[in-house]
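J.: Once you've looked at the hints, dock chains Z and D with the ligands against the given chain L.
Residue numbers (the working numbering), protein chains in the order written: chain L, 120 to 502; chain Z, 39 to 136; chain D, 69 to 553.
If you're looking for bench data, these hints aren't it; they were derived computationally from the structure. It cannot be assumed that every hint is accurate.
[Stated by the list, open to error] Chain L is nowhere near these chain Z residues, computed Cβ spacing over 12 Å in every case:
id	residue
1	G56
2	G88
3	G96
[Stated by the list, open to error] To be clear about the criterion: a stretch of chain Z counts as covered by chain D if any three or more of its residues have a C-beta under 8 Å from a C-beta of chain D, and this derived list gives those stretches:
id	segment
4	40-53
5	120-128
[Said to hold, decoys possible] The following label-pair restraints were derived from C-beta to C-beta distances:
id	chain 1	residue 1	chain 2	residue 2	range
6	L	A218	Z	A58	45 to 55 Å
7	D	D224	L	P197	52 to 62 Å
8	L	D311	Z	D106	48 to 58 Å
Since we're looking at a predicted model, the values are computed, not measured. Positions of the beta carbon are idealized from the N, C-alpha and C atoms, including for glycine.
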Amino acid sequence: MTRTDVIVIGGGLHGCCTALHLARRGLRPIVLEKNTVGRHASGVNAGGVRQLMRHTAEIPLSMAAMAAWETLAETLGPELAANCGFVGGVGQIGIAQSAQEMDWCHERVAEMHALGYDFEEVIDQEELRRLVPSVADICRGGLVSRRDGHANPFRTTQSFRRRAEQLGARILERTRVIGLEQGDGGWTVTTDNGVFRADIVVNCGGAWAWQAGAMVGEGFPKSHFASTLMVTSRMPHFIDPVVIGIDRVLSFKQTEAGTVVIGGGILGDPDLDEETAETVADRMMESAETVYEFFPILRKATIVRTWAGLEALMPDIIPVIGPSRVARGLWHAFGFSGHGFQLGPIVGSVLADLILDGESPIPLDAFSPSRFTAEGKLKPQAH
Amino acid sequence: MFRRLQPDDLSATIYFDGRAIRCRSGESVAAALLSAGIARFRSTPVLGAGRMPHCMIGVCFDCLLEIDGQADRQACLVPVVDGMDVRSQEGAGRYDIQ
Amino acid sequence: MTGTERENCELAIIGGGPAGLAAATLAARLGVETVLFDEQPAPGGQVYRNIEANSRETGLLTPILGADYARGLDLVRAFRASGAGFEPMSAVWQVAANGKVGISRDERACLVRARRVILATGAMERPVPVPGWTLPGVIGVGAIQTLMKASGIIPDRPVVLAGSGPLLYLVAFQLAKAGAPLQAVVDTSGGSLASAARQALPILAGFAGDLLKGLSWIAALKARGIALYRGGYLSIEGVSRVEAVSFRSGGRRIRIATALLALHEGVIPNNQITTSLRCQHAWDRTQLAWRPETDAFGATTSPLVAVAGDGAGIAGARAAVHRGRLAALDAAFRLGRISRNERDDRARADRQALLREARFRSFLDRIYRPSEAMRRLDDETIVCRCEEVTAGELRQLIGEGFSDVNQLKSFSRCGMGQCQGRMCAGTIGRLLADETKADIADMGQYRLRIPVKPLPLAELAALGNADRNSGPVLEVADGDPSQRI
Ligand SMILES: Cc1cc2nc3c(=O)[nH]c(=O)nc-3n(C[C@H](O)[C@H](O)[C@H](O)COP(=O)(O)OP(=O)(O)OC[C@H]3O[C@@H](n4cnc5c(N)ncnc54)[C@H](O)[C@@H]3O)c2cc1C
Ligand SMILES: Cc1cc2nc3c(=O)[nH]c(=O)nc-3n(C[C@H](O)[C@H](O)[C@H](O)COP(=O)(O)OP(=O)(O)OC[C@H]3O[C@@H](n4cnc5c(N)ncnc54)[C@H](O)[C@@H]3O)c2cc1C
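The following block holds chain L by itself, in its conformation from the complex:
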């Protein structure tokens, strides 16, 4: 039996970042990861660091995350920060092809202004062309968030892991949490690699996070999906911003290595029990077709690999962040529904605030676990 003050379930980006911030504040977290760190969504995602077109409930958190990305060196030290491969300020652009999409861009910006946010701007074709010289004539303009960018997901997760370790956290890989029980002496966390005792447990279990909830009788949606990406061989550098579709299926960016990572909501076949996902060729053509039409330069490119990652999907597509509604000393942070990488550097920090100070400077009410019924359904009023 190993005793410590806090156990973190899950060695994804959010688990590692949570451990980092808790360690920074003097705790001795142990992260339990059933596979290896960054094996799942955090290590295999598209690396998009996007404020653009976010759910309005997420915007304050997302803005704080953006600031954290821009000051990674303060959190990680210069070397580990550089390792994340974060490229900010290149912008993310939603590309509009139709007049309706352009109309939507204007409406969106009006809505954002009403809420007091000014980081999204409508751009015309000329500005689009200036930002993305490789774009085809059929693209009319779009919506840009200029601070946005991208990073290398696997390396980022490893950097947070390393920093957490430097600060005194322990990371145990190939250690699966199979039981969670609260008693007089705090939590007993049973794994296939020993038993742990802790005062606090943080559930950062990604697509499997509902299982930790079930261990204490707390229901959450089990829904998840397999987001798919395809990647080209290395190409000469030709684009800086990340581009996404508005009505069309599209999302792509060029990595530091020169490969182009293409996604945009292509679904693979998830297999939660086998802890993997298959990519399905028949479902990738639509994305391939969109990039083919929007970016003539990609017409002779080659798809070298595809992959899919497992990600929890909440019915309202915003995450679950906050205290358990059935047990004290248990905290949740999961359900990022396909866009939690950008939030990576901030969620652990607000969790540390919540756990140690009882409050966070960033509004988190929308993410409360209490928006679900005991069975794990979204409560009607939560919509």
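T.: Coordinates of chains Z and D with the ligands only, in the frame set by chain L:
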């Protein structure tokens, strides 16, 4: 570096970076280039090192060339068609922005 | 089959070497609607590459390639007569667990739905990562032979062959017969064929022909005055192309200046497709390679998919024929053409033949197991030819705690290039096992996904035009693009 056992029937011509190469229709582009004395097919995107076909059966991907406008084609598997435009694939290749 | 139109077939066979040809021939004869796909322009596989044309033409090559090669013609003829469909120049870029086979042909991609699939994708030469092996002028011994078989092309300047395995001497012998200038053969295997054969005589009864053949190649090379060395710890020199090879032999270092160097350390299963299907694989401790686990008929753990021939573990061309036939019998049974009893009755002769072959193979495996002297990796040796990742870089990451081949891949890009890990999969596992003092069988394999051959984006995009109802793409919630995942 290589020679043909029977040098007859070289009725096809392909162009390697503009240079005309006589060869046999239907043989692999890689065989055509090697028998014309070409050892450097491409350079790598990372270190810019020259490469020649290594496996000749489609598994090593060192023979990648741009053939008739399509990048990354395996020269050891693509059969010669008269008039083919073949380019060495330098680094990450040549792409026009538009 | 043209363009992107979809067609279905009962049995899809991937690979037209001896295993695929024998499987297709028998399956078609048993009434199974069969189509064989191969990325080569003609049937024959690696061993009988271009056999039809070479037998037809002036016959210059047939005597050079020998009687074993010529025998392939019968297999091809039987296949041609069997009624099985043949799709040449068709690269298979996916086999999905549901039987959907993705093909790229004439720069178009299409999907064919098969009720059963036999993978007969054969073998590839084992990569030989030694310093300098990426230089132009360094090529596979099998690659040299492929050039000879497919195009009648032979080296015109002195060539050095280095490595081990039956193919090393066979190709040396064939080159000598063809009149290619052979500079030296460096044998990197541990012991000598003659002495190993003497020790193993009891199990080798019945294989005198094969053994004599091997010994006669060596004798013929000696008779021609070709320098034969035993050596190890190869190192290749050169700046923009190979200039020399050096190796340790009998306590000293020998250096041979050469412009063409051919390497060979045996062949390993080409198991890209079974890996992408997540079939169960086992690490073969003698052959030092992963192979898919199969039942006696070649059925893998993926319900619709069997594997036959060297792709299921190296057993050679003769065995490939029997393995192909067994897979075909099982396919015919599963597709309702023959009864279980009939399958098992017909299987008996092939089983027996296979048992016989297995004895000789285990002998070959033992004497040609890559030697320690060839397995050592210097830090500067490139492991991943595509992304140019060295053993030293990987060692450093392993030292930092990476304990899994896929972690190493994600961090270093080793295995992420165009060859999709074919050339480094074995090496990275070995390196990880050596450095962490672990068992290579526990190191796992790269996670592979489709396409198993890189696919032009244009082909994938055009696939969409063929089939508009392309299945689920995550819908934007309530039609609001900001409610996106
Ligand atoms: C293909 C893809 C592309 C994406 N693209 C983007 C993007 O461009 N931008 C963006 O912002 N977001 C993106 N995302 C979403 C983003 O990756 C995720 O939201 C984020 O990584 C979630 O991090 P996590 O730590 O919660 O989950 P994970 O990284 O999945 O980590 C959870 C970990 O918990 C472990 N675990 C679970 N249960 C247990 C247990 N019982 N015991 C021990 N360990 C356990 C798991 O093994 C896993 O490693 C993408 C996701 C995918 C799949
Ligand atoms: C280069 C080379 C030369 C060899 N020469 C000899 C020799 O001379 N004598 C000898 O005894 N043994 C030789 N071998 C060993 C030999 O391969 C086997 O013993 C025998 O050929 C195995 O037969 P098979 O039917 O299993 O596969 P193979 O004969 O290897 O046939 C496999 C076929 O599958 C096709 N294929 C593979 N992947 C795909 C794909 N994704 N899409 C479409 N088609 C695909 C290939 O083009 C090939 O035609 C050689 C091996 C290699 C690698």
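J.: Hints first: check each against the structure and report whether it holds.
T.: Structure-based check of all given hints:
1. Non-interface status of G56 of chain Z relative to chain L is upheld: no Cβ of that chain comes within 12 Å, the nearest being about 19 Å off.
2. With a least beta-carbon separation of about 17 Å from chain L, G88 of chain Z lies farther than 12 Å from that chain, consistent with its non-interface assignment.
3. No beta-carbon of chain L is positioned within 12 Å of the beta-carbon of G96 of chain Z; the least distance is around 14 Å.
4. Coverage of a stretch by a chain is defined here by at least three residues with a beta carbon nearer than 8 Å to that chain's beta carbons; for the segment 40-53 of chain Z and chain D the count is 5, and the condition holds.
5. Residues of the segment 120-128 of chain Z with a Cβ under 8 Å from some Cβ of chain D number 0, which does not satisfy the need for three, so the listed coverage is violated.
6. Our hint of 45 to 55 Å for A218 of chain L and A58 of chain Z holds, since their Cβ atoms are close to 51 Å apart.
7. Checking the proposed 52 to 62 Å range against D224 of chain D and P197 of chain L shows it holds: the Cβ atoms sit about 56 Å from each other.
8. Distance hint check for D311 of chain L and D106 of chain Z: the Cβ-Cβ separation is about 55 Å, which falls inside the suggested range of 48 to 58 Å.
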